[in-house]
Amino acid sequence: MKILVPVKRVVDYNVKVRVKSDGTGVDLANVKMSMNPFDEIAVEEAIRLKEKGIATEIVVVSIGVQQSQETLRTALAMGADRAILVVTDVTTESLTVAKILAKVAAEEQPGLIILGKQAIDDDANQTGQMLAALLGWPQGTFASAVVPNGDRVAVTREVDGGLETVDLKLPAVVTTDLRLNEPRYASLPNIMKAKSKPLASKTPADYGVDPTPRLTITKVVEPAKRSAGTKVKTVDELIEKLKNAGAIA
Amino acid sequence: MTTLVLAEHDNSVLKDATLAAVTAAGKLGGDVHLLVAGHNAKSVAEAGAQVAGVAKVLLADDAAYGAALAENVAPLIVSLMPGYDAVVAPATTRGKNIMPRVAAALDVAQISEILSVESADTFTRPIYAGNAIATVTSSDAKKVITVRGTAFDKAATSGGSASVESIGGPGDAGLSKFVSADLTTSARPELTAAKIIVSGGRALGSSDKFHEFIDPLADKLGAAVGASRAAVDAGYAPNDYQVGQTGKIVAPELYVAVGISGAIQHLAGMKDSKIIVAINKDEEAPIFQVADFGLVGDLFTLVPEMTSKL
Chain P
1 MKILVPVKRV VDYNVKVRVK SDGTGVDLAN VKMSMNPFDE IAVEEAIRLK
51 EKGIATEIVV VSIGVQQSQE TLRTALAMGA DRAILVVTDV TTESLTVAKI
101 LAKVAAEEQP GLIILGKQAI DDDANQTGQM LAALLGWPQG TFASAVVPNG
151 DRVAVTREVD GGLETVDLKL PAVVTTDLRL NEPRYASLPN IMKAKSKPLA
201 SKTPADYGVD PTPRLTITKV VEPAKRSAGT KVKTVDELIE KLKNAGAIA
Chain D
1001 MTTLVLAEHD NSVLKDATLA AVTAAGKLGG DVHLLVAGHN AKSVAEAGAQ
1051 VAGVAKVLLA DDAAYGAALA ENVAPLIVSL MPGYDAVVAP ATTRGKNIMP
1101 RVAAALDVAQ ISEILSVESA DTFTRPIYAG NAIATVTSSD AKKVITVRGT
1151 AFDKAATSGG SASVESIGGP GDAGLSKFVS ADLTTSARPE LTAAKIIVSG
1201 GRALGSSDKF HEFIDPLADK LGAAVGASRA AVDAGYAPND YQVGQTGKIV
1251 APELYVAVGI SGAIQHLAGM KDSKIIVAIN KDEEAPIFQV ADFGLVGDLF
1301 TLVPEMTSKL
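Residue numbers (our numbering), protein chains in the order written: chain P, 1 to 249; chain D, 1001 to 1310.
Simulated from the structure, these hints should not be mistaken for lab results.
Treat the hints with care, as some may be off.
[To be verified] Now the in silico label distances, taken between C-beta atoms and shown as ranges:
{"no.": "1", "chain 1": "P", "residue 1": "T56", "chain 2": "D", "residue 2": "K1195", "range": "49 to 57 Å"}
{"no.": "2", "chain 1": "D", "residue 1": "P1238", "chain 2": "P", "residue 2": "K195", "range": "36 to 44 Å"}
{"no.": "3", "chain 1": "D", "residue 1": "D1182", "chain 2": "P", "residue 2": "D210", "range": "39 to 47 Å"}
{"no.": "4", "chain 1": "P", "residue 1": "L28", "chain 2": "D", "residue 2": "G1029", "range": "33 to 41 Å"}
{"no.": "5", "chain 1": "D", "residue 1": "F1178", "chain 2": "P", "residue 2": "K195", "range": "40 to 48 Å"}
{"no.": "6", "chain 1": "D", "residue 1": "T1157", "chain 2": "P", "residue 2": "N190", "range": "55 to 63 Å"}
{"no.": "7", "chain 1": "D", "residue 1": "K1195", "chain 2": "P", "residue 2": "K231", "range": "19 to 27 Å"}
{"no.": "8", "chain 1": "P", "residue 1": "K16", "chain 2": "D", "residue 2": "K1142", "range": "46 to 54 Å"}
{"no.": "9", "chain 1": "P", "residue 1": "K225", "chain 2": "D", "residue 2": "G1297", "range": "20 to 28 Å"}
{"no.": "10", "chain 1": "P", "residue 1": "E182", "chain 2": "D", "residue 2": "D1182", "range": "52 to 60 Å"}
[What the hints assert, rightly or not] With a Cα cut of at most 27 Å, we get these calculated DSS-like pairs of lysine-lysine:
{"no.": "11", "chain 1": "P", "residue 1": "K231", "chain 2": "P", "residue 2": "K243"}
{"no.": "12", "chain 1": "P", "residue 1": "K219", "chain 2": "D", "residue 2": "K1142"}
{"no.": "13", "chain 1": "P", "residue 1": "K197", "chain 2": "P", "residue 2": "K32"}
{"no.": "14", "chain 1": "D", "residue 1": "K1142", "chain 2": "P", "residue 2": "K225"}
{"no.": "15", "chain 1": "D", "residue 1": "K1281", "chain 2": "P", "residue 2": "K16"}
We put the beta carbon where it would ideally sit given N, CA and C, even for glycine.
Please work from the sequences and hints to get the whole structure.
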């Protein structure tokens, strides 16, 4: 079974982003960029399925600026087999990405598509579900366990209040949650090897998709700041303050 | 303008998350209809009919909708959309699972987790883990929206007198099956609905200590129990306790953070709480920068003292 893993280049999760003073967005100049952490978990899961002999080939795909190539090389160094880069300078929306991925999937015919549940930049949490809809495939979102079995896959999902397991017909789309696995680091020899793995370069036009956004971001501001309150010395003082504030009876 | 709201429920009880979505839908202008897709869910539809601001309840009662599988519920919503200008769902794991599937089928760019309705086509929503708030205008003819529950008042559960109309739907798409649910059962309130939350962090040191110190204080306050990601990752508390950007977003009247340092990802999940209390031995901990009342000291003596004095 071939596995397709879409990955996104985003601001590194350790970076504290700053909103631009003119309110047009966040400042991305000279900021460290990395693979979306949830996508890293997706790559890891695909590799583990290959190591178990369930997957035969892992194809990673990214849609974004030319530098997204680095993100794909990271995935190749982790253990993916080949990569497809769909180059666009447009800040793509989930719907656009899902449309391009649906075309890639039509060409590649994967048995499973695994991707992160959301990207930590736009926090949309849409692409996997949209892709599943466009392909007419079932979806196992927010996965904490993925167990393929013949022509079906059991996916345990992290839902409000606990866990839920669904049984899906393959091919299917799976989106990863934090606790699915712990992604490996790429070793230096594998980073070197990744440089010679195949990477195809495409454009949205190659797939007949118009990347023009449907949503316009008119303003980006910092959230309302919360100011530090007072330090209390004792538990009695704390209880008294909470009673005065009406927080406890 | 008529807006459809997807009801969140467990086939017997209408969940509070629905009420915030009803409020948000009302701000779009025009009538609000509630869709109850479930199995043997008549009681949910009846509760929905009482909600203030709901003009009509659609009840799609079918075994295919009992487990809210996105593969079955999304086509049902899509089949109803010729009659609606917008569809709104709470940004619960269920809403997040189903709505993008609806949006893609309608060829609409979804607007996720809105915090406010500025006008019928303009909304605010958090990006970068809540470190920035974007104002977004949609050019799509129909709107597909999920709503952050803590950002909107809950509609009243009485005062409405909507009619309940039974509808059919496409039924089982044959793509997926529900197997099992392993839901945490607790006598305590649900995290996202609780008025008071007591959360524990890594400083608790073990699962035993977590329950020994956090649970009695929570029970005394009638509070839900939460945890930081560090505590969850260390195995001190179950996954669904996690408060934070990647866990649950909460905004109770009172949030008590015990032994939580206050990582950005945790703050993103609780900083809209009305009153925040922090108990931590490190007075430099970032949690004190957002706390209304901070108590510096050893949680293992302060928490039992507080529990006994309440």
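So which hints don't hold here, by number, going up? Numbers 8, 10 and 14 - these are the hints that the structure violates, sorted from lowest upward.
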